[in-house]
Amino acid sequence: MIQEKDINEQIEWAKINADVMRSLENPRMAYWVAVIICLLMISCAVVAEIYQYNVGMGVAGLNNPHMWDLYIATFVFWIGMSHSGTLLSAILHIIHADWRKPIYRFAEAMTTFSLMTAGLFPIIHLGRVWNLYWVLPYVSDRGIWPNFRSPLSWDAFAISTYLSASMVFLYIGMIPDLAICRDSARGWRKKLYTVLSLGWRGDDRQWRNFRKTYLLLACFLIPLAVSVHSIVSADFAMSIMPGWHVTAFPPYFVAGALYSGCAAIITLFVLLRYFFRFEEYMTLPIMEKTAKLTFAIAMVWTYLTLIEFASTWYGHNMYDKEVLIAKATGPYAWVFWTMLFCGSVVPFALAFKRLRRHMPTMFVVSLLLNLGMYFERWMIVAPTLSLAHEPHQWNVMWGSIVQWAIVFGSFGWFGLLFLIFVKVFPSVSMYEVKEMIFHRRHHKDLVEIMEEHEAAMHHRKGGDKPGLEGA
Amino acid sequence: MSLKNILENWSAYRKGAEEGGHHQYEHQWGMAIDLDLCIGCNACSTACYAENNLAVVGPEKFAKNQGMYWMRIERYWDQMDEEFSEQGASFLPMLCQNCHAATCEPVCPVAATYHTPDGLNAQVYNRCIGSRYCSNNCPYRVRYFNFYSYYESSWPAPLHMQLNPDITVRDKGVMEKCTFCVQRIREAKDKAKMENRSVRDGDVVTACAQACPTQAIVFGDTMDPESRVAKLWRKHQVHRGPYTQRKPKTDPELRGYRIFEELNVDPSIMYLERVREEV
Numbered sequence: 005m006i007q008e009k010d011i012n013e014q015i016e017w018a019k020i021n022a023d024v025m026r027s028l029e030n031p032r033m034a035y036w037v038a039v040i041i042c043l044l045m046i047s048c049a050v051v052a053e054i055y056q057y058n059v060g061m062g063v064a065g066l067n068n069p070h071m072w073d074l075y076i077a078t079f080v081f082w083i084g085m086s087h088s089g090t091l092l093s094a095i096l097h098i099i100h101a102d103w104r105k106p107i108y109r110f111a112e113a114m115t116t117f118s119l120m121t122a123g124l125f126p127i128i129h130l131g132r133v134w135n136l137y138w139v140l141p142y143v144s145d146r147g148i149w150p151n152f153r154s155p156l157s158w159d160a161f162a163i164s165t166y167l168s169a170s171m172v173f174l175y176i177g178m179i180p181d182l183a184i185c186r187d188s189a190r191g192w193r194k195k196l197y198t199v200l201s202l203g204w205r206g207d208d209r210q211w212r213n214f215r216k217t218y219l220l221l222a223c224f225l226i227p228l229a230v231s232v233h234s235i236v237s238a239d240f241a242m243s244i245m246p247g248w249h250v251t252a253f254p255p256y257f258v259a260g261a262l263y264s265g266c267a268a269i270i271t272l273f274v275l276l277r278y279f280f281r282f283e284e285y286m287t288l289p290i291m292e293k294t295a296k297l298t299f300a301i302a303m304v305w306t307y308l309t310l311i312e313f314a315s316t317w318y319g320h321n322m323y324d325k326e327v328l329i330a331k332a333t334g335p336y337a338w339v340f341w342t343m344l345f346c347g348s349v350v351p352f353a354l355a356f357k358r359l360r361r362h363m364p365t366m367f368v369v370s371l372l373l374n375l376g377m378y379f380e381r382w383m384i385v386a387p388t389l390s391l392a393h394e395p396h397q398w399n400v401m402w403g404s405i406v407q408w409a410i411v412f413g414s415f416g417w418f419g420l421l422f423l424i425f426v427k428v429f430p431s432v433s434m435y436e437v438k439e440m441i442f443h444r445r446h447h448k449d450l451v452e453i454m455e456e457h458e459a460a461m462h463h464r465k466g467g468d469k470p471g472l473e474g475a
Numbered sequence: 003m004s005l006k007n008i009l010e011n012w013s014a015y016r017k018g019a020e021e022g023g024h025h026q027y028e029h030q031w032g033m034a035i036d037l038d039l040c041i042g043c044n045a046c047s048t049a050c051y052a053e054n055n056l057a058v059v060g061p062e063k064f065a066k067n068q069g070m071y072w073m074r075i076e077r078y079w080d081q082m083d084e085e086f087s088e089q090g091a092s093f094l095p096m097l098c099q100n101c102h103a104a105t106c107e108p109v110c111p112v113a114a115t116y117h118t119p120d121g122l123n124a125q126v127y128n129r130c131i132g133s134r135y136c137s138n139n140c141p142y143r144v145r146y147f148n149f150y151s152y153y154e155s156s157w158p159a160p161l162h163m164q165l166n167p168d169i170t171v172r173d174k175g176v177m178e179k180c181t182f183c184v185q186r187i188r189e190a191k192d193k194a195k196m197e198n199r200s201v202r203d204g205d206v207v208t209a210c211a212q213a214c215p216t217q218a219i220v221f222g223d224t225m226d227p228e229s230r231v232a233k234l235w236r237k238h239q240v241h242r243g244p245y246t247q248r249k250p251k252t253d254p255e256l257r258g259y260r261i262f263e264e265l266n267v268d269p270s271i272m273y274l275e276r277v278r279e280e281v
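Residue numbers (the numbering used here), protein chains in the order written: chain A, 5 to 475; chain B, 3 to 281.
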């Protein structure tokens with residue numbers, strides 16, 4: 005079996021540097037257009053938020069059963085988006101999947117920026133934003149503490165921990181690259197990279213300490229990533245409401261998070277590959293591997309979704325069942341079925357090799373997957389509230405223009421942060437691509453070793469197939 | 003409290019709501035509402051508006067379900083093919099049930115809602131940051147949020163003169179709900195303390211109970227065995243504590259029940275079923 009190489013193993017070190025550094029320079033027209041679009045989107049949200057701040061939460065269209073709506077759904081969406089950066093950079097780092105190396109940097113940046121976007125939503129959604137700091141356990145001479153039983157205060161701790169940890173992880177992993185940038189930069193960039201690269205000379209001791217720190221942070225980040233989305237799911241699972249009070253929510257949320265994150269990685273992969281001409285680094289085999297990973301997670305998510313429906317259906321809790329039926333047949337049915345179509349049917353496109361290698365298809369598919377995941381979060385929040393226990397308060401609400409404007413603007417905010425990142429920091433990890441190529445040049449692929457081993461075994465046994473029993 | 007003590011006597015520190023949780027109750031205010039006496043006149047609701055400075059939000063916001071009615075009369079009709087369709091709507095006065103295992107309390111991130119030694123489910127307006135989690139987690143949906151500022155639109159001069167000075171006017175971004183007229187409870191307790199006695203049954207009457215023309219609402223301390231409300235609870239064999247699958251009531255005189263009792267929230271309001279007869 006001849007396997008296609010993940011990356012051209014004959015690239016010169018200098019070419020890698022030059023290719024990646026080129027992405028930092030001379031933004032083209034398309035870049036400025038994108039920046040302006042993002043700024044316009046943000047200004048929509050800012051205007052809406054100022055209006056909401058001054059007038060009250062009522063302008064968002066919220067009402068008595070619908071105390072939460074798109075703000076919380078969008079919050080969960082962005083938190084979810086942040087998970088695959090950690091998956092790629094930390095989990096795949098620990099299991100030595102080196103194909104992650106050319107693409108993990110922007111995924112890790114995506115983690116940080118989507119957390120920075122997600123963190124805005126609980127703030128936007130608070131009735132009295134100016135008292136936000138009350139959820140933090142600061143020392144007060146009145147001896148008042150937050151309520152440690154509330155999942156919302158756990159959220160505050162979990163998200164701030166995850167955000168700071170992932171920012172440190174992103175930064176630490178970038179130090180050797182920042183030193184490369186420092187060595188060839190001029191002007192303000194020179195100053196910036198000099199400060200940020202912390203005097204990196206690349207000597208042996210520095211590399212040793214760097215490896216240890218990086219591994220330690222990776223190990224620290226993995227349980228954080230799992231706990232953050234479990235805690236976000238606790239906002240729902242710890243409540244008593246039908247459709248929220250689901251024991252399986254923590255793994256379901258984590259799976260959904262990895263899913264939407266992987267889809268977002270594909271989206272950004274295609275964009276960066278196209279705009280920065282990273283074809284040599286973000287190669288088709290790596291895209292294929294990412295797509296396969298996404299497909300696997302999509303199937304896990306589908307399985308957990310079906311589990312949730314089945315446990316609700318066979319649980320025979322009148323309220324839960326009613327909400328489930330209403331999701332499928334009620335006013336939100338079109339959202340619900342779009343979610344299932346995008347989340348469980350569209351990923352089958354990833355099963356076809358030809359589609360996996362076709363960038364425009366992958367771009368559209370990844371956007372559809374994320375649309376499904378957005379709708380999933382919406383379908384967790386809204387139908388439960390619209391059809392909870394008390395029939396007198398049943399109500400259907402679609403959210404006002406203010407709410408949609410803020411949700412819309414959050415995409416602009418994320419986009420702007422990402423656009424700034426790709427022009428200031430190297431979005432492909434130069435030193436790790438070199439490492440990857442170095443290792444591949446000097447070591448046989450595990451598959452090759454296995455094949456050779458198998459051929460040898462085959463030869464010795466004289467053609468008998470190895471039996472399964474007694475293995 | 004050493005760690006060893008906690009580890010060895012761990013269960014001694016766990017008390018369920020049925021044992022009073024972590025409270026040493028002085029009172030357990032409660033109600034009995036007789037649905038057979040309720041005529042759906044909305045006097046209780048109106049009295050509540052007057053007593054508790056409830057904002058009048060206007061028709062548009064009310065239609066959007068943004069109203070602030072702590073006490074609401076819910077109307078239900080039997081389906082046409084069922085037996086009592088001729089008897090019109092049934093009314094259900096719905097207010098905060100002041101649950102003893104309230105689902106709204108543990109979820110508030112800043113502990114703005116908590117349980118008082120009076121058995122009340124208190125809401126501290128000043129502490130509320132408006133996360134609205136409590137309302138989401140209330141199965142009765144009796145928590146109302148100030149979606150807007152109402153003090154200018156709701157009480158234009160001279161209407162502000164009618165505001166009850168014993169209770170605040172809430173601003174936008176704050177959750178509020180029925181308090182069992184906590185200001186009246188406070189006043190009665192203070193008076194009893196001045197007279198060096200305990201609070202007697204009848205010292206506290208909530209605005210809704212006071213306004214009810216048919217006296218369908220009885221309010222009192224369910225911990226005082228001689229109070230009217232405690233006698234009614236006993237008479238209809240409704241008890242505090244967690245839900246147990248009781249035998250179906252065969253005696254038609256036993257009309258007492260608590261709404262959503264199976265959710266185990268231990269509500270403080272007993273309802274008495276409407277008596278239905280074949281016409």
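Please note that a few of the clues may not be correct.
Said to hold, decoys possible - Here are the in silico distance ranges between beta carbons for each label pair:
| id | chain 1 | residue 1 | chain 2 | residue 2 | range |
| --- | --- | --- | --- | --- | --- |
| 1 | A | Arg205 | B | Ser4 | 40 to 46 Å |
| 2 | B | Asp192 | A | Leu310 | 56 to 62 Å |
| 3 | A | Thr251 | B | Ala124 | 29 to 35 Å |
| 4 | A | Phe345 | B | Ser4 | 54 to 60 Å |
| 5 | A | Pro255 | B | Gln239 | 40 to 46 Å |
FYI, nobody ran anything at the bench for these hints, they're computed from the structure.
Since the structure is predicted, the reported quantities are computational estimates derived from the model, not experimental observations.
Quick reminder that beta carbons are idealized off the backbone N, C-alpha and C, glycines included.
_Between the beta carbons of Asp192 (chain B) and Leu310 (chain A), is the distance compatible with 56 to 62 Å?_
60 Å, holds
*Between Phe345 (chain A) and Ser4 (chain B), is the Cβ distance one that fits in 54 to 60 Å?*
About 58 Å separates the Cβ atoms of Phe345 (chain A) and Ser4 (chain B), which means 54 to 60 Å holds.
_C-beta pair Pro255 (chain A), Gln239 (chain B): status relative to the range 40 to 46 Å that was hinted_ = Because 44 Å falls inside the window, the suggested range holds.
_If I claimed the Cβ atoms of Arg205 (chain A) and Ser4 (chain B) lie 40 to 46 Å apart, would that claim hold in this structure?_
Roughly 52 Å apart at Cβ, these two residues miss the hinted range, so it is violated.
*Can you let me know if the beta-carbon spacing of Thr251 (chain A) and Ala124 (chain B) is within 29 to 35 Å?*
31 Å, holds
When the structure is compared with the earlier hints, a violation turns up for hint 1 alone.
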